[in-house]
Structure formats: structure tokens, C-alpha cells
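Starting from the known structure of chain Z, arrange chain R on it as the hints suggest.
Residue strings, one per chain:
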Amino acid sequence: MVKVIGSDSAESLAQKADEELMRRYREHGDEAVYNELVHRYERELYRYLARYMGDTSMAEDVFQNTFLQIHLKRGLYEDGRPFRPWLYAIATHQAVDALRKAGRHPTVSLDQRLSPAQGEADAGSLLDMLVNDDSGPLADLQDQERRDWVRESVERLPDALRQTLILAYHQDLKYREIADILKIPVGTVKSRLHAALAKLQQMAKAAKRDGKED
Amino acid sequence: MKPDELLDFALGQLDDPRRRAVEEACRADPEVAAMVERARRAFHALLDDGISHAPPPGLAEKTLALVAQGRNPAPSILDYAPARVPFRWADFAVAASIFIAGVVTLMPAVQRSRERMNQAGCVFNLSQIGKSLGQYVSTHQSYPAPPNDRGDAKSGLFAALLQDGGFLQDVSLLDCPYNGRCDMQHARRMASFEQADELSKRDPAQFQKMVCWDYGYNPGYRHASGQLGPISARPASLIPVVADQPPADRLLGDVDRNSPNHFGAGQNVLYSDGAVRWHRSRHVGPEDSDVYLNNDRRIEPGVHERDSVILPRDHPFGISSGR
Numbered sequence: 039m040v041k042v043i044g045s046d047s048a049e050s051l052a053q054k055a056d057e058e059l060m061r062r063y064r065e066h067g068d069e070a071v072y073n074e075l076v077h078r079y080e081r082e083l084y085r086y087l088a089r090y091m092g093d094t095s096m097a098e099d100v101f102q103n104t105f106l107q108i109h110l111k112r113g114l115y116e117d118g119r120p121f122r123p124w125l126y127a128i129a130t131h132q133a134v135d136a137l138r139k140a141g142r143h144p145t146v147s148l149d150q151r152l153s154p155a156q157g158e159a160d161a162g163s164l165l166d167m168l169v170n171d172d173s174g175p176l177a178d179l180q181d182q183e184r185r186d187w188v189r190e191s192v193e194r195l196p197d198a199l200r201q202t203l204i205l206a207y208h209q210d211l212k213y214r215e216i217a218d219i220l221k222i223p224v225g226t227v228k229s230r231l232h233a234a235l236a237k238l239q240q241m242a243k244a245a246k247r248d249g250k251e252d
Numbered sequence: 009m010k011p012d013e014l015l016d017f018a019l020g021q022l023d024d025p026r027r028r029a030v031e032e033a034c035r036a037d038p039e040v041a042a043m044v045e046r047a048r049r050a051f052h053a054l055l056d057d058g059i060s061h062a063p064p065p066g067l068a069e070k071t072l073a074l075v076a077q078g079r080n081p082a083p084s085i086l087d088y089a090p091a092r093v094p095f096r097w098a099d100f101a102v103a104a105s106i107f108i109a110g111v112v113t114l115m116p117a118v119q120r121s122r123e124r125m126n127q128a129g130c131v132f133n134l135s136q137i138g139k140s141l142g143q144y145v146s147t148h149q150s151y152p153a154p155p156n157d158r159g160d161a162k163s164g165l166f167a168a169l170l171q172d173g174g175f176l177q178d179v180s181l182l183d184c185p186y187n188g189r190c191d192m193q194h195a196r197r198m199a200s201f202e203q204a205d206e207l208s209k210r211d212p213a214q215f216q217k218m219v220c221w222d223y224g225y226n227p228g229y230r231h232a233s234g235q236l237g238p239i240s241a242r243p244a245s246l247i248p249v250v251a252d253q254p255p256a257d258r259l260l261g262d263v264d265r266n267s268p269n270h271f272g273a274g275q276n277v278l279y280s281d282g283a284v285r286w287h288r289s290r291h292v293g294p295e296d297s298d299v300y301l302n303n304d305r306r307i308e309p310g311v312h313e314r315d316s317v318i319l320p321r322d323h324p325f326g327i328s329s330g331r
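Protein sequence lines, in the order shown, are assigned to chains Z and R.
Going by my numbering, the first residue of the first sequence is number 39, and it counts up by one from there.
Going by my numbering, the first residue of the second sequence is number 9, and it counts up by one from there.
So here's chain Z without its partners, still in its complex pose (with noise of 0.2 Å):
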């Protein structure tokens, strides 16, 4: 029996690889794939670049658009190369530059290097930090109240860590994936998320005092 390129069921295509549905739309077009591949990281991307964004309509609009320049670059996907960084990395350029026009400058641009003092928080010290505190600096608040204060905390982060913790605490990126999407060495990735821990931290010590004066 021959077996059709670009005929195989929906079912079918769910259990092939991202790599090699992007080989196949690459070299045959075939609507199909396409539609696989946006059903399957339609929440994944979506939730990242709303997070990111902080707004939903133009986190739709970047979700769009990143999946127009997927189609239209199509041809200069290489193969071997894992597609959900290069998806990402699309789609952080896309977010970026929507940023800009709204008028939203990201404070960070992706392959701006951070000041040693910033970006090599010592892990030993930071582990004993977040280990030794028994009860944390945000354990006297409720969880309605520490989750606003979550958010506005990462809010206050830099963007190249803000952007390196969502990737690795919400999107459950690995190491290397990050630093193929953001264009940075692996060790600056983690030293980025030390950093953002080290600095979360530092701000929950901060509430805590200020909340103790008050």
C-alpha cells in the first residue's frame, strides 16, 4: 500500500513531533499540519504572552502574528532544530515589538547583559535565603493578598529576568531552551533567575519590615 504524503487523520498527526510537522508543512504546505500545530500551543503560547504582555487583546494579537510568521518563514526553519524555542523566540520578538509601538519599552532588551553584581547571585547564599526563613517573609499575609503581591512584584522586575522566570517557573522551559530563545549563554540564564529569585525576596523581606512599621 502507498502510503499519501500530507493525507495522514488528525488523530495521526497528533502523535508526530513538533520538528517533524514543521518539516512537513515546510516542504508540502499542508493546511492540516498547520492546524496541529496551532491547536497544540494555542494555550501554551497564549498564557505565556499574556503573562508576559500583561494585556490579553494585544496577547491575541502577538498570538496571531506570531503564527502568520510562522507560516510566511516557513521556509527558513531548519531541520533538527527544536521548534518550541524557535516558536518562542518568534513570538518574544513579535511581544517585544508590539510593546514598542503601544509605547510600552520593555526596560531589558533580550540579549542586554546584566550587571555581574545583578546576574551571579550565589546559589548557596540564596538556597540558605529561601530555606532558612521557617515561616517566610509571606506567611503573615493571606493568599489573596500574597498572590497581588506576586504580581506586582514580578511586575517590578527587570524585564530580561521577568522574562527568564516566566520562561522557567510558568512555561516550564528548560535551561537550554531559554537560552536558545532568548539568544544567551545557559549559565546567564540561570544566573538571570537566581538574580529574580534573589531579588523576590529581597522585596518580601521589604514588605515584611515596612508591614511590621506600619
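Label-pair distances were calculated between CB atoms; the ranges are:
hint	chain 1	residue 1	chain 2	residue 2	range
1	R	His52	Z	Arg81	13 to 23 Å
2	Z	Asp99	R	Asp99	41 to 51 Å
3	R	Arg79	Z	Ala55	22 to 32 Å
4	Z	Arg247	R	Arg79	53 to 63 Å
5	Z	Gln107	R	Pro90	30 to 40 Å
6	Z	Ala55	R	Arg92	42 to 52 Å
7	R	Asp99	Z	Glu65	40 to 50 Å
In silico lysine-lysine, PhoX-like type, Cα no more than 25 Å apart, as pairs:
hint	chain 1	residue 1	chain 2	residue 2
8	Z	Lys221	Z	Lys111
9	Z	Lys237	Z	Lys221
10	Z	Lys54	R	Lys70
11	Z	Lys237	Z	Lys212
12	R	Lys10	Z	Lys212
13	Z	Lys221	Z	Lys139
14	Z	Lys111	Z	Lys139
15	Z	Lys111	R	Lys70
16	Z	Lys54	Z	Lys212
17	Z	Lys139	R	Lys70
18	Z	Lys111	Z	Lys54
19	Z	Lys237	R	Lys10
Calculated directly from the structure, the hints in this document are not laboratory data.
Positions of the beta carbon are idealized from the N, C-alpha and C atoms, including for glycine.
Frame of chain Z, contents of chain R only:
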């Protein structure tokens, strides 16, 4: 166990072999397990904002529709235009007609503009010659005239007399820009009145080349004493002194023939007051009906003060009562 690895483990960043090693360490040492648990709780407390963004309904479908639009763009008016237009003589004729109409419309304006420019150039030349003559008259108390025994010298050599006195620095002023026929290279070889006068006798053809300029000179008139002499330094009335050259000898008798410098349209005349006036005919005053002939209809100096005659440059002064 390195703190670095424990942090990465709590963040879910370790790959399989390292993750298994940390899990093993946690099983073996409850203290490590507790540390990891506290780190996880700390992360949760610092990072969990409780928001779960769900995509709006139909986002995927809208995206697919957008891309489908890109695949099949709406027809544009350019799609109906032929990609390659065949050559047609009718198109060429229309383009040529438009071009010719444009040229025909613009040419007269361009021509008029050029004529005005050349006319202004001719007036400027005569004004400058007028200033040179004024300086000459101030110095010599007389308009340029040949020495006593040289009445047969060509009247065109008034320019040589000006040049000898240092009043005419640039002979290109003698070229009327309207007709553009004069080759001033030869005129620039004129060394002095004596040399030019000698050349006129020795080699008339070469002399003609040298005095190729476009302006004629009024050598003077018959004074009350009966003698022919140059225009007086302070004439009682306005006297034409220099003008566009007269027509050729064979046409000179026809009063309707104007100077060839402006293609017969008229002539610029420099008067003794230094002003330049344009005349459409040879009639320049009540007592001077022809600026190129005297009142006896001859190519000779005038019969009285107000009978001015602009001689061709190769005609003799005809007077000998100059300096």
C-alpha cells in the same frame, strides 16, 4: 549535594540522571528532602500569582483564518492588468503627440527667453562700450578719430583706438550675443591701431577676419566749417555713437533692412548720453531718417551734426580732423 543542584531540582530543571541522583539523596537523607521541600514552598510563595490565562474562544480558528487570508489574498485591481502590454503603434503615436505638443508649447517660450537674454547681453555690451567711450572723451576731449593723415583707416578701428588708450580691456564686448557669428579669437590678436591699419592694407582678408565684430561706429559729420570731423565731445543733442552693424552693402540702400545682428528685427543704438535704445527701424530722429546712411543717402559721414551715420566696420572714417 551542591546547593546549585538542589535549586535546579526544586525548580524542575535537572535532566534525568542528575534528577535521579538528587531523588536518591532525598530518600537517603531526610534533611535534604526537607530542604528541597522548603525551597519548593518558598518558590511557590514568591512566584505563584494564582492567574491562569486561558485563550479566548476561537483563537486558533481566527489565527487559521488570518493565515488562510494570507494564502489567498483578496484580488487587487493590479491582478486584472495584463502582465505584459503588447507594443501598439497607437500608443506610440499618442506618446509622440503628447511629446510634440509639449515641445511646440514650450519652444516659443524657450526661444523668447533666449532672445531676451541675448538682447540684454547686446545692451550690456553697448553700455560698456559707452563707458569706454565716455572715458576716452574725458581724456581726449573728442570721440575716437584717426590721426590727421589717416582718414582712410577703417572705421571699425575705433575699437583699436579705445584699446590703445587702455579704455577697452575686453574685445569680447564687441560681439553681439544675439547672432553668435563672431570668432573673437582673431579680434584678440589686434595689437594696436597702427598694426591693424597696416594689416588692412597689406592683407585685407586677414583684416576682415580680425575685425569681425558686430558693432558699427559713427565717425562724425561735416562741421559748419565744411570740414569732416568727429562728433563733438559735448554734442548739443543726443547723437547715436555706436550701434548694431549695418546690413550688407547691397542691402544698405533699402531703408526697411535692419541690422543683421538681431535677424532684421531692429537695432540697439548707443547714444552720446551713454543710454542704449532699441529701434525697430533705421529712423532715429526727425532730422535723421536713416541711421546707416547720411541725408544724401550715402555711406559717408553725416551732412550735419544731427545727421548721424553708423558705418560698416570696413568703411573708412572719411574724416581727418581728429587728434
